[in-house]
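Engineer: Given next are the chains, with one letter for each unit.
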Amino acid sequence: MGFRRRKYEERIFRVLMLGATAVVVGSLLLILGTVVIKAWPALKLDMILKTPRGGYYMGKEGGILNAILGSLYLASGATFLALLLSLPIVLYLNVYTRRKSAWAVQVRFALDVLWGVPSIVYGAFGFIVMVLIGLRASLLAGIITVALLELPIMARAMDEVIRLVPQALKDASASLGATRLETAFKVVLRQCLPGLLTAVLIAFGRGVGDAASVLFTAGFTDSVPTSLFQPAATLPLAIFFQLGTPFPEVQQRAYASAALLTFLILIISLAARALSRKLRKHTLK
Amino acid sequence: MLLLTALPGLVVGLILLGLLLKSRGILAMKPLSALLFGSDWHPLKGGFGLFPFLVGTLWVTLAAMILAVPISLLTAVYLSEYAPRIVRSAAKPLIDLLSGIPSVVFGVWGVLLVVPFVGRVVAPLFGVYSSGYSILAGAVVLAIMIFPTIILVCLEVFASVSQDLRDTSLALGATKWETVKHVVLRKGAGGIIAAVVLGFSRAFGETMAVLMVVGNVAKVPHSLFDSAYPLPALIANNYGEMMSIPLYDSAIMLSALVLFLIVLVFNLAARVFLTRVEKKVE
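First to last, the sequence lines map onto chains A and B. Heads up: the first sequence begins at 3 in the numbering used here, then just goes up one per residue. Heads up: the second sequence begins at 151 in the numbering used here, then just goes up one per residue.
Don't take every hint at face value.
DEER-style ranges, computed between Cβ atoms [as the list claims (entries may be wrong)]:
id, chain 1, residue 1, chain 2, residue 2, range
1, A, R55, B, E231, 30 to 40 Å
2, B, K369, A, R192, 54 to 64 Å
3, A, R192, B, L152, 17 to 27 Å
4, A, R55, B, L152, 22 to 32 Å
5, B, L182, A, K52, 48 to 58 Å
Taking lysine-lysine and the BS3-like style, the derived pairs with C-alpha atoms no more than 30 Å apart in a straight line are [claimed, not checked]:
id, chain 1, residue 1, chain 2, residue 2
6, B, K331, A, K9
7, B, K429, A, K102
8, B, K369, B, K195
9, A, K102, B, K337
10, B, K195, B, K337
11, A, K188, A, K280
12, A, K40, B, K242
Just so you know, the hints here were simulated from the structure itself, not pulled from any lab data. It should be emphasised that the depicted structure is a prediction, and the values quoted were computed from it without experimental measurement. We put the CB at the ideal spot given by N, CA and C, even for glycine.
Just chain A, same shape as in the assembly (with noise of 0.2 Å):
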């Protein structure tokens, strides 16, 4: 090939790759754009200060409240559940597993197979299981619902941190007598505990925006739930619902809830960035 022509070829592709970059960034402003201009003229502070008065999907009075409170709550337990489950699963592997192990490679192929579930699959999971135990549409079923959506993301995102730890310091942990459940609570933990949160976040964020997997399980309501048996609406099915109207008003409404819903993800995302950073402080290089 001539010199020349092999210039024209990485003139080309460099062009392209341009190109292609500035389209992905591009489509992330295109959205955040979109959404909040079209949110602009409906966004009033009732949106996040009241419930739903009678025929607030036909235009008339209230806000989201319930949904924004529902959402918080429901991501909040499924997330405490999610950590609960994931936390000890990630640390055995890490202090009480060698990496080539059989199990371990099997646990964290399970992982990655549920990681790859669709949120819909959860969410018709869930129902069957919430039909079997007799449990209704309620904050409770969505809980578990999005604790098992929530898990393998988790988890996963848990075991890239903990498997940076170097083993000289799990080692050194032994070597002071230290058992290996002391190793993994009070040293591997304590060291990793920046990323770990950042896990927490990222799982929770997930759980706040997730709508496909609490339709059938969350129920909707216009109330903010005072218990775990009954219904919560969340926010992503508010947005769905509201969009759904034929009327323009609520239509409005929707794209603002819209704003709120991403304004939510984008401060859980900048909180779990600065919160890593700050408490990074306290890891020993």
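With chain A held as given, fit chain B onto it using these hints.
Structural biologist: Relative to chain A, chain B alone:
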């Protein structure tokens, strides 16, 4: 703790078992081939052909892949091989952010911008009529949703290709792009396939965003401007009514089972490719 580590495997098994048990009702009544390849969807009259939904899912997913794969690959190559450090460290959080945006928000955006664009600009350009709620609109939204999946996996794969190999290629007089083409892409081929497969399975199961822009008409589509009715949307839309009609409930659970199995197979495939890459790198 040992017992807890069995949980992920247990959940996989339970999902499979639960969906199987629930879809047994309809599997006992109709042959599997009629369910998967029949186009007659009239639950009230006992017609439960899932074919239009399967084809709809495939169309949307494949079209999304055609859009997403080249763009994501080029972006990943740029960020990993060409971009100055500043650009790279600025782009990474943005891509993370994109992956964190909830699917409902993608759906809202699709309805606001992509659907009218397809209906008013793209379709007339090709001389066809389309409401805009179409496979193309679904594909555009989906493609953007899976950018982060493909890019992030590719970045990891490219990072695992040793710098020495690149340097050797450059020292032999290859241009940067030739090095990428012959060394980085070739070494990372397995990982790239895995990234694509993961993106595919993510797109295949995506529900809300697609549901909102794709039109949901239960017919086998014939062009990108037709509406389609993907499998996940079928499940989501029919939750309310499915309990009252015999076998309906079972048919919906069967669709969830089919979805689960397809995604499972794709994940297995991705796994195989990724382990192969890991072995090669070691």
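Engineer: When the structure is checked against the list of hints, which entries are broken? Sort them ascending.
Structural biologist: 1, 4, 10
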